[in-house]
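Novice: Residue-level listing of the chains:
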Amino acid sequence: MEKFVDRLIGQFENGQIGRREFCQTLTTAAAVFAGGLEANAAPAGKGLKMLGLNHLSYQCPDYRKARDFYSSMFGMQVTNDKGMGRANLAFGPAPDKGGNFLVVHNPGANPPKPTEAVIDHVCYTISNYDEGKVRAALKARGFDNPTGRDESRHVYDPYNYDIQIASARQENAFRREGR
Amino acid sequence: MEAFFATKLDEFAKGKISRRALLETLTVAATTAYAVTPTAAAAAPASDPALKITLCNHISYNCPDFKKGADWYSKVFNLDQVAPSKIDVALPFGKRGEKPFGVTANDVPLTHLIIRTRDLNRPAEGGAARPKSQAVMEHIGYTVADFDREKVKADLKAMGVENVRDGGLYSLHMTDAYGYDVQISGVANNALTDGA
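Chain order of the listed sequences is A and B. Residue numbering for the first sequence follows the numbering used here, starting at 99 and increasing by one per position. Residue numbering for the second sequence follows the numbering used here, starting at 6 and increasing by one per position.
It is worth saying that the hints were derived from the structure and are not from the lab. It is possible that part of the hints are untrue.
Said to hold, decoys possible - In silico EDC-like cross-links for lysine to aspartate or glutamate, where the CA-CA straight-line distance does not exceed 20 Å:
{"no.": "1", "chain 1": "B", "residue 1": "K91", "chain 2": "A", "residue 2": "D255"}
{"no.": "2", "chain 1": "A", "residue 1": "K211", "chain 2": "B", "residue 2": "D171"}
{"no.": "3", "chain 1": "B", "residue 1": "K73", "chain 2": "A", "residue 2": "D218"}
{"no.": "4", "chain 1": "B", "residue 1": "K57", "chain 2": "A", "residue 2": "E100"}
{"no.": "5", "chain 1": "B", "residue 1": "K19", "chain 2": "A", "residue 2": "E111"}
{"no.": "6", "chain 1": "A", "residue 1": "K101", "chain 2": "B", "residue 2": "E29"}
{"no.": "7", "chain 1": "A", "residue 1": "K144", "chain 2": "B", "residue 2": "D151"}
{"no.": "8", "chain 1": "B", "residue 1": "K21", "chain 2": "A", "residue 2": "D104"}
{"no.": "9", "chain 1": "B", "residue 1": "K13", "chain 2": "A", "residue 2": "D104"}
{"no.": "10", "chain 1": "A", "residue 1": "K144", "chain 2": "B", "residue 2": "D85"}
{"no.": "11", "chain 1": "A", "residue 1": "K163", "chain 2": "B", "residue 2": "D171"}
{"no.": "12", "chain 1": "B", "residue 1": "K13", "chain 2": "A", "residue 2": "E111"}
{"no.": "13", "chain 1": "A", "residue 1": "K231", "chain 2": "B", "residue 2": "D53"}
{"no.": "14", "chain 1": "B", "residue 1": "K13", "chain 2": "A", "residue 2": "E119"}
{"no.": "15", "chain 1": "B", "residue 1": "K19", "chain 2": "A", "residue 2": "E119"}
{"no.": "16", "chain 1": "B", "residue 1": "K13", "chain 2": "A", "residue 2": "D242"}
{"no.": "17", "chain 1": "B", "residue 1": "K57", "chain 2": "A", "residue 2": "D228"}
{"no.": "18", "chain 1": "B", "residue 1": "K104", "chain 2": "A", "residue 2": "E214"}
{"no.": "19", "chain 1": "B", "residue 1": "K57", "chain 2": "A", "residue 2": "D166"}
{"no.": "20", "chain 1": "B", "residue 1": "K100", "chain 2": "A", "residue 2": "E111"}
{"no.": "21", "chain 1": "A", "residue 1": "K195", "chain 2": "B", "residue 2": "D153"}
{"no.": "22", "chain 1": "B", "residue 1": "K137", "chain 2": "A", "residue 2": "D255"}
{"no.": "23", "chain 1": "B", "residue 1": "K57", "chain 2": "A", "residue 2": "E229"}
{"no.": "24", "chain 1": "A", "residue 1": "K144", "chain 2": "B", "residue 2": "E167"}
{"no.": "25", "chain 1": "A", "residue 1": "K144", "chain 2": "B", "residue 2": "D160"}
{"no.": "26", "chain 1": "B", "residue 1": "K57", "chain 2": "A", "residue 2": "E249"}
{"no.": "27", "chain 1": "B", "residue 1": "K72", "chain 2": "A", "residue 2": "E214"}
{"no.": "28", "chain 1": "A", "residue 1": "K144", "chain 2": "B", "residue 2": "D153"}
{"no.": "29", "chain 1": "B", "residue 1": "K137", "chain 2": "A", "residue 2": "E214"}
{"no.": "30", "chain 1": "B", "residue 1": "K73", "chain 2": "A", "residue 2": "E214"}
{"no.": "31", "chain 1": "A", "residue 1": "K195", "chain 2": "B", "residue 2": "D85"}
Note that the structure is a prediction, hence the values are computed from the model and not measured.
Only chain B is shown next, with the shape it has when bound in the complex:
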């Protein structure tokens, strides 16, 4: 990106492009620097609008003792625990009545964790036995406010969080109460910057 700016500036300095052209070119480049490439955008076939996903609704986290798991997430992320049952509890990413970060629609609930303790060999809701999956959700990344890596790292260590370590340019990794890999970052880590 910096090299592109330098090239355009040189063209302007040599009179090859006008000041207006320089201004427009640099403005467009700076505001779309991390935009989806046409190639990538074209790679996504059209989907049925009826199935278009708006946001993650919840993550179903299964562990030996859901209370222990939930307490870890409540402590680290200041999450309330709502609607506890004998086998699970929900931890919404916000307070009642709030909209999810970045969402304006009224029919999109807060993303939440459902932390549960259940037998995964039992059939899923109303269905047959669960087939064995060849895929695994091997870590989850969460976005937190005011992410300052060094400060957050110190805060996490002060809370007794284990295995805190840097992750790429913008994030931290750690392990939760059950050794599950958790990543945190600010909004700078996103679909356009991650893996770029």
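So that you can see chain A by itself, here it is in the shape it has in the complex:
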């Protein structure tokens, strides 16, 4: 980026570009930088190529309560909280490099239409999962008896939404083949 900006300043100094073009070019470059790489070519078939989860949109009575719970308990990072009824909670890789986020928000003016499908729980991976440390950390937060099994635990958040936390050993799509 520094080389690019240096070259751009040079072009401005030499009169090759004007003030407006300079600013617009740099603004575009910043946006592209933030956008990161659109990795991996799309497949030849008609369907899209899924890279991963982008976000989960979580509606609840008071987003601040959910925000504080998820950020303090699971280390999610709060972004774009303008005190306007919603916040993003980032986790995983960098936001523009495959990171996931949970959007916690208050109900909008138009409630979502009821559907026949429901996301009944979400499971999150914890790297270097240590059952003893996880149980101790949960207990310190008042979760004395999480359900589930070793390395795959369920707790309920402040709005009784079912959360699962697990290791790669216990929760892995391909591991299910051995059931």
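The hints should help you fit chain B onto chain A, whose structure is shown.
Specialist: Only chain B this time, still in chain A's reference frame:
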């Protein structure tokens, strides 16, 4: 952002800042334009490292006929169906042996959908009856490769996907086989840009 660049350029043109200062200021600004604000970062209290989440593991999607639900996601997102049972099937976001997009750790599996048909009034795994939740996961956003909104919109319509519509600056919404709201975007829609 553009106004900031213009201000700094004016300062340079008037001799108020050096070329070096201009270069450094603009480089930092351009590369951190969408970074987390100090205020927001400070708002997140420290968590116990033992509970720090690395990635979404799976999304448990319950519907009347899991095969119908799974076939929709397989068709639209080219997802394989693995380990089917009488009540569910898993759809990993990649192939066996691949790492999740953006992840280098070896103990983080591919995120996957588990599409199931089960009675939610039954107790959760090993526990008591499920309490009624006041929260709802009212839509899910997925990241796809090479996202070009107009092209993807045409592709989706050609596949017979219903209710395809624009969503904000960077994404599309649609409804799946059961009317559930699905959003797709490229990586430009992320925790820093969404809702900014």
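Novice: Within 20 Å, alpha carbon to alpha carbon, are K19 of chain B and E111 of chain A?
Specialist: Holds. K19 of chain B to E111 of chain A sits at ~13 Å (cutoff 20 Å).
Novice: Given the hint that K195 of chain A pairs with D153 of chain B, test it: the Cα-Cα distance must not exceed 20 Å.
Specialist: holds, 18 Å
Novice: Checking one constraint from the list: CA of K57 of chain B to CA of D228 of chain A, max 20 Å. Satisfied?
Specialist: holds, 11 Å
Novice: Quickly compare the C-alpha distance for K13 of chain B and D104 of chain A to 20 Å and report which way the hint goes.
Specialist: holds, 14 Å
Novice: K21 of chain B and D104 of chain A were given as a pair; does the straight-line alpha-carbon distance stay at or below 20 Å?
Specialist: Holds. K21 of chain B to D104 of chain A sits at ~18 Å (cutoff 20 Å).
Novice: With a cut-off of 20 Å on the C-alpha distance, tell me whether K195 of chain A and D85 of chain B pass.
Specialist: violated, 23 Å
Novice: Take the C-alpha atoms of K57 of chain B and E249 of chain A, compute the straight-line distance between them, and say whether it is at most 20 Å.
Specialist: holds, 14 Å
Novice: Between K163 of chain A and D171 of chain B, is the straight-line Cα distance small enough, at 20 Å or below?
Specialist: Violated, at roughly 30 Å.
Novice: Against the 20 Å threshold, does the CA-CA distance of K57 of chain B and E229 of chain A hold or violate the hint?
Specialist: holds, 13 Å
Novice: Would the hint linking K144 of chain A and D160 of chain B be met if the CA-CA limit is 20 Å?
Specialist: Distance ~7 Å between K144 of chain A and D160 of chain B Cα, so the pair holds.
Novice: Under the criterion that the straight-line Cα-Cα distance not exceed 20 Å, is the pair K72 of chain B, E214 of chain A satisfied?
Specialist: Satisfied, since the Cα-Cα distance of roughly 14 Å is no more than 20 Å.
Novice: Within 20 Å, alpha carbon to alpha carbon, are K144 of chain A and E167 of chain B?
Specialist: holds, 16 Å
Going down the numbered hints, you'll see the structure goes against 1, 4, 11, 16, 18, 20 and 31, while the others check out.
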